[in-house]
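Number of protein chains: 2
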Amino acid sequence: MNLVNGIESDVISLNDRGWNYGDGVFRTLLLRRGRPHCWPRHYAKLRDDCRRLSIECPGTMLFERDLRHVATRHPDCVLRVTVTRGSAERGYAVPPDVPPTRVVAAGAAPVYPAEHRDHGVRARLCRTRLAIQPALAGVKHLHRLENVLARREWNDPGIAEGIMCDTDGNVISGTMSNLFAAFGMELMTPDLTRCGVAGVQRSRVLELAGSHGITARVGILDVEQLMDADEIFLVNSLIGAWQVTALEKKTWRSGRLTAEFRQWLDADD
Amino acid sequence: MNLVNGIESDVISLNDRGWNYGDGVFRTLLLRRGRPHCWPRHYAKLRDDCRRLSIECPGTMLFERDLRHVATRHPDCVLRVTVTRGSAERGYAVPPDVPPTRVVAAGAAPVYPAEHRDHGVRARLCRTRLAIQPALAGVKHLHRLENVLARREWNDPGIAEGIMCDTDGNVISGTMSNLFAAFGMELMTPDLTRCGVAGVQRSRVLELAGSHGITARVGILDVEQLMDADEIFLVNSLIGAWQVTALEKKTWRSGRLTAEFRQWLDADD
Chain V
1 MNLVNGIESD VISLNDRGWN YGDGVFRTLL LRRGRPHCWP RHYAKLRDDC RRLSIECPGT
61 MLFERDLRHV ATRHPDCVLR VTVTRGSAER GYAVPPDVPP TRVVAAGAAP VYPAEHRDHG
121 VRARLCRTRL AIQPALAGVK HLHRLENVLA RREWNDPGIA EGIMCDTDGN VISGTMSNLF
181 AAFGMELMTP DLTRCGVAGV QRSRVLELAG SHGITARVGI LDVEQLMDAD EIFLVNSLIG
241 AWQVTALEKK TWRSGRLTAE FRQWLDADD
Chain S
1001 MNLVNGIESD VISLNDRGWN YGDGVFRTLL LRRGRPHCWP RHYAKLRDDC RRLSIECPGT
1061 MLFERDLRHV ATRHPDCVLR VTVTRGSAER GYAVPPDVPP TRVVAAGAAP VYPAEHRDHG
1121 VRARLCRTRL AIQPALAGVK HLHRLENVLA RREWNDPGIA EGIMCDTDGN VISGTMSNLF
1181 AAFGMELMTP DLTRCGVAGV QRSRVLELAG SHGITARVGI LDVEQLMDAD EIFLVNSLIG
1241 AWQVTALEKK TWRSGRLTAE FRQWLDADD
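Note that the protein sequences, when read in sequence, are chains V and S. For the first sequence, position 8 (counting from the first letter as 1) is numbered 8 according to this note's numbering, and the numbering increases by one without interruption. To get this note's numbering, take the position in the second sequence, counting from 1, and add 1000.
Next up, chain V with everything else stripped away, as it sits in the complex (with noise of 0.2 Å):
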C-alpha cells in the first residue's frame, strides 16, 4: 500500500522533481506491530535534511496520520517515506509556491539470514568511491547512483555488505549502512560532512555509547586502519547491527560490542 500526499496512489507525476532531478530526500524504517521504529528521530531527519535543499517539509502529523493508515493493513512492514520538492514544469530553477510531494510506501519487510545478526557477515571492499560534496554530505537525498554503482560489484549472495571509500580513500560508510569500528575500548565512525549518509542509527550508537560510558568518536578512517580494528559493525534501521566477521582476506572472532549495540538498538526509542 503506497500514499502520495495522503491518497493511496502506486504511481507518481512525471513533472515530480524527485523522478526528474533526485530533487527529494527519504527514510527507510520498519513498522512493527503498526509502530513505526524510531519515528521522531525518521521525523528530525526528514526535516533536516529537507531544510539542507531548502525544501518544505510536510508536518509530522500528515505522516503519523498516513502511517497509521498503512498500518491498519499492515502492521508489519519496510516503510519508505520520501519528500520530494514537489511537482513543476521541466528546468532547475523552482517555481515559487510549488507544495512539496509526501510519499509513504509500504514494502515486505527483508528477510536476512539470521546468521547475518547472530554470527556475523562477510563484507568487501567496493572499488565504487563516493564523490565528496560538503552541499549534500549526510543527506539521504534520491541520488543513490554511486550505492547503486557499488552493490552491483558483486553478486556472491555469501557477501552481505559492501565498504566504500571516498575519492580521498577514505572509509566511509557500508553501501546501506553506517559503520562503527571499535579501537580497545575506543568505538569510532566515519566523519560524514563530506560525503556519506548520517543515518539515524548511527545517531542512536553514539548516544547509546555515551550513556552506556564507551567513549565513541567520530573521524577519519583509513582502510588500513579499518583492518586492525578489534570489532567492525553496520546498522541501519532494517538490519539493527550487523558485526563484520571477514573483510576481504582477514576475519574476526564474534565480538561483544555488536551484540550490545543490537540489543541497545532494537529497543524501542
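Among the hints, erroneous ones may be present.
Some chain V residues close to chain S (C-beta under 10 Å, calculated; not the full set) [claimed, not checked]:
id, residue
1, S9
2, G22
3, T82
4, A135
5, R151
Rough simulated footprint, nothing fancy, chain V against chain S, three-plus residues with beta-carbon under 8 Å [said to hold, decoys possible]:
id, segment
6, 1015-1023
7, 1091-1105
8, 1124-1133
9, 1142-1149
10, 1167-1176
Treat the hints as calculated values from the structure; they're not laboratory data. A virtual CB, placed ideally from N, CA and C, is assigned to each residue, including glycine.
Take the given structure of chain V and dock chain S to it, following the hints.
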C-alpha cells in the same frame, strides 16, 4: 503528451528506480516541425550513458516510434527522453531481468528573451560546486541536485545562467549548459572526465570547430583564466549558443565567434 514504454501516461510507478534512486539517464531536445533535432546524436549519447551505468538502452526504433507519435500532436515542443533501470522492489541491488523504463515527455518549448540570443547574457559564478566523481562524469544521469542548488542561488531574471566550478575550483560548465572560451584564435572547453555533463551540442561545437579550421582544445580552466577569455559562450540543445557578455563585474563586447557557432549549431545535423 507523455509516453511511458510507448503508452500514453503522465505517471510513473513508485517502484521505478529512477524515482527511488536516480538510477537512470535522460536527454532534452527540440522537436521542430515534427523533427527531433540531432536525434541520432541524442540517441547515441543516451545509449552511451546507459552503458556507463550498465542499463540496457531500448533500441532507437522504439524511441523513433514514440517521437513520431508525439509529433502528430505536438510538432514543436521540448522533449525529455528518459531511460531508467526499470521497476523493482526496494534495495540497491538490481534484480535480474528487469526491463528498463522508457519515457518520452513533451513540454512547451521554453521562451527565452531574443536578446539572450542576439546580444548575449549576464551570468554569475555559483558557490555550489560540482563533486568530482569520475564514475559518473560526463553522464546526464537523473541526479541533478547540484544543478538545482546552484540554480537556487539567484532570482534576478536578468541573470540567465550560472557558471559552476568543481570542488577543486576548476570551471566546468553552466548549470544547464556547456561552456566554451576563446583565447585569441583558440577555443577551449573544460575537461569533463571528473564531473559535469558532456552534452551533444558540446560535441558538435568541437566537431564544427575542426571542420571550420578553428583549433579547439579540451582542458583545465580556472576562473582567472576564464575571466581573461576574449569570448565566452554557452551551448545546449534548447538555447543553441549564448554569448556571455557579463560575468560578475566583467563585461565583453559582442563577439563574432558565438554568432558563427550559433548559426552552425542551428543547422540540421
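Please write out, lowest number first, the hints stated earlier that are contradicted by the structure.
none
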